[in-house]
Amino acid sequence: MDKLLEVKNLTLKFKTDEGLITAVEDVNFSLNRGEVMGLVGESGSGKSVTAKSLMNLNAANAIYNPESTITFNSTEQEIDVLSLKRPADLKVVRGGSVSMIFQEPMASFAPSINIGKQMIEQLQLHNDISKKRAREISIEMLDRVGISDPSQRINQYAFELSGGMRQRAMIAMALSTKPSLLIADEPTTALDVTIQAQVLDLMKDLVKDFNMSIIFITHDLGVVAQTADRVSVMYLGRIIEEGSVREVINSPKHPYTKGMIAALPRLDNLGSPLRPIPGDIPSPLERPSGCVFNTRCEELVGDKCSLNTPSFTNFGETRRVACHLYEDGSDN
Amino acid sequence: MLLATYMKMEVITKMADLVKVENLSVSYKIGGGLFSQNYLKAVNNVSLSIKRGSFFGLVGESGSGKTTLGRALLNAVPISSGTAHYDDGDVSYELSTLDKAELADYRKRAQLIFQDPYAALSPRMTVRDIIAEPIEVMKLCSSREEIDNRVRTIASRCRLNLEHLRRFPHAFSGGQRQRISIARALVSDPRLVIADEAVAALDVSIQADVLNLLKTLQQDMGLTFMFISHDLSVVAHICDHVAVMYLGRLVESAPTKELFKAPKHPYTKALFSAIPSLNPDDQGTAQRLEGEIPSPTNQPSGCKFHTRCPHTIDICKKEEPILQNTDRQHEVACHRWKELFNI
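The listed protein sequences correspond, in order, to chains B and Z. First residue of the first sequence: 1, per our numbering; consecutive thereafter. First residue of the second sequence: 1001, per our numbering; consecutive thereafter.
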C-alpha cells in the first residue's frame, strides 16, 4: 500500500502567559491511501491539535519542534506541510488535497451567505473552473450525500437546514474538491443517534467511491469501532497505543485504553457497575514526569513509571503500546 | 414487630408516586404578532408517573419534547392543559395552579442540573458562593455559619474539599465543575432533581464517575431523579424506568430491563439499533432509520412516527395510537405492537 501521509516526531508547544504548554509530544504515525484511521482520546489529549497540524492550521502561538516533519504525498509531489508559509502554498493542504469537517456545522457555515455560494467559492478557489461548472459539481455533491431536491437546497442558508442536513452539506462541500485526505473532527457528536448512523454510513460509502483516506477524531469508541480500520489512542499529547480496531477494542493493552473501555456504559452488561478511571486528567501546566498516565494508572510497575518515558513495544506489524508493563517482552 | 411495620411503611412510601402527570401539554405561541393564533405543541398529551426514590429516564431525539417536559415539571414553562401532581409525603401540590407561596416552597423541592458545566457556573464567584447562592436566595438559613455548614456538608458529599471551595470555577476540570453544579442543585435538600443531559458534555471516564456519584447521592439522600438524555446506554445503566418520547408524545414506557430486553415500539427498536456497537465485526449490519424527525409545526397525521416507520400500514396514517398497557408497567403507543412483537 502506498503511504499518503507520514508524521514524524511531531512535538508542538503553545506559548501562553502561564508558560509553554505541551500539546503534542513525539507523535509518529503514517496513513495509507484509502485507509480510515481513528484518533481517540479525552478532551485535552491533543487529538484536534494533531489534526490541525496536518493543515498547518494551529494558532500563531504554536511552536513546532524543529525535528517535527509532516510529509504529504499528493498525486503530483511530496509536500513538507510544516515548511509551507505563504497562504497560496498552503492552499493545497487547506481544502485542496486535504479537507476538514468539524463538530458543529452551524458554526462552520457563514450564516448570511447561502450554502451554494460558499460551495462554489471554495471550488473555484482550488480549481480553474467556471462558476456554472462549480455550481453543477456542487449540486451533484449535494445529491450524492443524500440531500433531496439539491437544486433548490443549494440556494438555502445554513439555518434553514436541520442538523443532519447541515452536516451532510458540510461533507458535500469538503468532498467537492476531491481531496485525498479528509479530517473529520467529531463530525457526529452534535447529532442524534439515528442521524449519526446515517452520516457514518454515508462517510463509509464515500471512502470507497472516492478512494479517500480519513482521519476520524472522536472520543466515542463505538463510532470508531463502526468506521475505522486502525486506531491510535492519545493521552496528554502522546500516542500510547496503536493497532487495528479489532485488536485495540477487543484486547486493549495499555492501562488507559483498558480503563476507557471499562468506563463505557454498554448495553450487553447492564447489571455491572460503571468503572471510572480514577482521578482527573492533569492540567497541561502540571504535566507528569515519566509516563504521562502514571498519576491515574492502576497497574504501576515501580519507580520507572514516574521516572522514564516508556518506549513503544511492538506486537506484530501494526500493533504497538507505550507502557512499561510490556517492556520486558511479556504479553500480560 | 415495630421494625417490620416500619419497613412495610418504607415499602409503601417508596411505591407512592412523587409526580403524577396526566394528559399534560405544553404549547408555545409562534409567529409574530400580538394576535397570532399559531401554536407549537412541544409536549402533547403526556401521562406518566414517577415513583418516589426512583431514577426515571426520559429519552428521545432533539425536538422530541423531553426538555420541555422536564421544564414543565419544574414549573419553568407554563402548562397549557392537563395536570401534574406532586406529592412528597410532606406536601402535595398541583403544579398547574401553584400560587406564589407554594411556588417558592416548590423551588426548594425541585431542582435542575444543567448540561454544560462550563456555562452553568459564574466565573466571577467562588465555588463556595456558587453553592451557597440558592440557600441565600431562598432564605433557608439564618446565619452565615449555618450556610457554611450546609455548603461544606453538601460539598463533601459531592467530593469537593475545603480548598476547592475557595477557588473559582476556571481552575476546575469538566468533571469537577459538574460536581459543583450538582452540589449547587442539592444544597436546598430537594426531593425531585431533573438532570437534563447532565453527563452529555463529559468524557467517558468522567461520565462514569459522575453517574456513580448521582446514584450514590440518590440512595443516600433519598432523591428522585428524572434523567433526561439522548444516550440510551447511559440511561440503561442508571435508570429504573425509561420513557421514550417522539415529537412531543410518549411512545413507550417500561422498567429499564424490560425495555432493553423487549422493546415494543418500532421507534425504540430503531434507536437501539442506531447505537454504534463496540464490536468492529458489526460494521454495516445495523438497521437504519430513514429520514429525520418531522418539524413540530408541521406534524404528520395519525401516528407521528409513520413517516419513518418501516412497518407503516393504512391505519397508522389515519389514526393516532393511544398509549396502552401491555403488561407489568410496560406501555406502548403503536397500532401494530402485538403482531410486530416477534420481529
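Don't read these hints as lab results, they were simulated from the structure. Keep in mind that the hints are not guaranteed to be accurate.
[What the hints assert, rightly or not] Only pairs whose alpha carbons sit at most 27 Å apart, straight line, appear in this in silico DSSO-like list of lysine-lysine: (1) K117(B) with K91(B); (2) K1257(Z) with K1269(Z); (3) K1269(Z) with K204(B); (4) K1029(Z) with K1139(Z); (5) K1051(Z) with K1029(Z); (6) K258(B) with K1108(Z).
[As the list claims (entries may be wrong)] Each pair of labels, with its calculated beta carbon distance range: (7) Q1299(Z) with T189(B): 44 to 52 Å; (8) D303(B) with R1167(Z): 28 to 36 Å; (9) A1171(Z) with E160(B): 51 to 59 Å.
Positions of the beta carbon are idealized from the N, C-alpha and C atoms, including for glycine.
We went through each hint and held it up to the structure:
1. K117(B) with K91(B): 19 Å, holds
2. K1257(Z) with K1269(Z): 14 Å, holds
3. K1269(Z) with K204(B): Holds - the C-alpha atoms of K204(B) and K1269(Z) are around 23 Å apart, at most 27 Å.
4. K1029(Z) with K1139(Z): Roughly 35 Å between the alpha carbons, so the hint for K1029(Z) and K1139(Z) is violated.
5. K1051(Z) with K1029(Z): Violated. K1051(Z) to K1029(Z) sits at ~32 Å, over the 27 Å cutoff.
6. K258(B) with K1108(Z): 42 Å, violated
7. Q1299(Z) with T189(B): 44 to 52 Å: Given about 28 Å between the Cβ atoms, the range is violated.
8. D303(B) with R1167(Z): 28 to 36 Å: 32 Å, holds
9. A1171(Z) with E160(B): 51 to 59 Å: 41 Å, violated
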